[in-house]
Amino acid sequence: MKYKIKSEKEMQNIAKEFAKILCGGELILLYGNLGVGKTFFVRELAKAYGVKENVKSPTFNIMKCYKTVKEEKVKKICHIDAYRINSLNDLLDIGVEDYMDSDSIVIIEWAERVKGIDKLSKKNIKIKIDYGKKDNERDIEINQ
Amino acid sequence: MKILGIESSCDETASSLLEVKGKNIKVLSNVISSQINIHKKYGGVVPEVAARRHTEVIFDIIKKALLKNNIKDVDLIAVTNGPGLATSLRVGVLAGQSIASLAKKPLVGVNHIEAHLLSPFLNNKNIKFPAIGLIVSGGHTELILIKDFGKYKLIGETRDDAVGEAYDKVAKMLGLRYPGGPEVFAQAEKVSKSDIVLPRPMINTKDFDFSFSGLKTAVLYVIKKMDKKQIKKMTPQICYEFQQAVLDVLIKKTKNSADKYKVKSIIIGGGVSANKRLREALENLDYPVYLPNMDYTGDNASMIAFAGYKKWQRIKKNEVLKIKADANLKI
Chain A
0 MKYKIKSEKE MQNIAKEFAK ILCGGELILL YGNLGVGKTF FVRELAKAYG VKENVKSPTF
60 NIMKCYKTVK EEKVKKICHI DAYRINSLND LLDIGVEDYM DSDSIVIIEW AERVKGIDKL
120 SKKNIKIKID YGKKDNERDI EINQ
Chain B
0 MKILGIESSC DETASSLLEV KGKNIKVLSN VISSQINIHK KYGGVVPEVA ARRHTEVIFD
60 IIKKALLKNN IKDVDLIAVT NGPGLATSLR VGVLAGQSIA SLAKKPLVGV NHIEAHLLSP
120 FLNNKNIKFP AIGLIVSGGH TELILIKDFG KYKLIGETRD DAVGEAYDKV AKMLGLRYPG
180 GPEVFAQAEK VSKSDIVLPR PMINTKDFDF SFSGLKTAVL YVIKKMDKKQ IKKMTPQICY
240 EFQQAVLDVL IKKTKNSADK YKVKSIIIGG GVSANKRLRE ALENLDYPVY LPNMDYTGDN
300 ASMIAFAGYK KWQRIKKNEV LKIKADANLK I
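The listed protein sequences correspond, in order, to chains A and B. For the first sequence, position 129 matches number 128 in numbering that gives the first Met the number 0, and the numbering has no gaps at all. For the second sequence, position 150 matches number 149 in numbering that gives the first Met the number 0, and the numbering has no gaps at all.
In short, the hints are calculated from the structure, not lab data. Where a beta carbon is used, it is the ideal one built from N, C-alpha and C, also for glycine. Among the hints, a few may not be true.
[Said to hold, decoys possible] Among the chain B residues that face chain A by a calculated CB cut under 10 Å, a handful are: (1) S136; (2) H139; (3) L219; (4) K223.
Given these sequences and hints, build the entire structure.
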């Protein structure tokens, strides 16, 4: 699926729609450069699941989990930032596998930094966000 | 009373010996082993590298901090148990627990943010409550109302990126080195004005929250319109305006919160409090402003020892078996 969007509102809508297709157990890999809106996307996805806590950049703590309230299938969202991570081993060392349950989703920013990251799960979804022509525009590609 | 402090929440392994006699606080030692050089090549902190390095050096650092004192001369041990990197925190907590158990000394767990908040007490005697504390570092941007030691209320925080993180990321976009704070500062010092215009996110909102992600994106939009040569030429001006935007928001919200809660002092802590322009701007406010000495702006264990001492006065309870490293510990 490819989208061309022109505002934060449109990104919000895509996140909302995307939340509907998840059933738990998915590994979501986010690709895209500084400032394209990866954390924004995760925040809106979390909101769609009724997470009340504000999703912040996890660059410092690397990983943060949020409990959902509304949705029954997905009970937990685990948000990881691979900006400071170099290898699959580093991800395994911080215990990423412990969070990959059938009732949770794991979403990883800066997936391009970790070679072989898609081997972590068979149920992985890749989302690429890129700058559009104008400042507020973004191209989003979702591959299942 | 002598207090041994231990800190390993991020990329510094630190230990300190503090002596408290009545109202006098004396830092006997303040040992810090930084991993900045190791992390420089990755452009940031790498958690597993960090934890491994802590394990290698922590006991040597503690030994150095003890100077010629025997561990038996220490009355209390204080260790950071959060927030921070989970694996790094665990190294310090385990070291503290082992030493406290073997030496039969009481151990208290210290919140890293509380320790930054109290860091100005190491070199200031006259701080009066209530106070507003501004914590600015690589992982934190928080405004905290302090009614007394142990009585804190988080009144505002960043909704996305921390200040120090925004500095690091802007530095990265401009091809400057890690850590970004001193690099961006040095570039900004080369000019005294800027033709670049950046937003001041959330500056007029009534709450005390911050947002720096949008500012980072605004810098990106500016850079995207330039070629490499132009970027190089404009880097000082971009840095100047970026820093000015950050300072404007930090100062305005700090002042607004001080006015609202009618505080008697403003205190600042965290790595970004080393920024000279931030220090100057804060000192121009109509409040007594207390800053930590440069030695205590970044992560250090003297502030941990002090916060541990204050906690011990409140709870008088040995937490040696109770302490757990908690990456998301709240104040």
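Hint-by-hint comparison with the structure:
1. S136: holds (9 Å)
2. H139: holds (8 Å)
3. L219: Constraint on L219/B satisfied, holds at 4 Å.
4. K223: holds (7 Å)
Hint violations for this structure: none, all hints satisfied.
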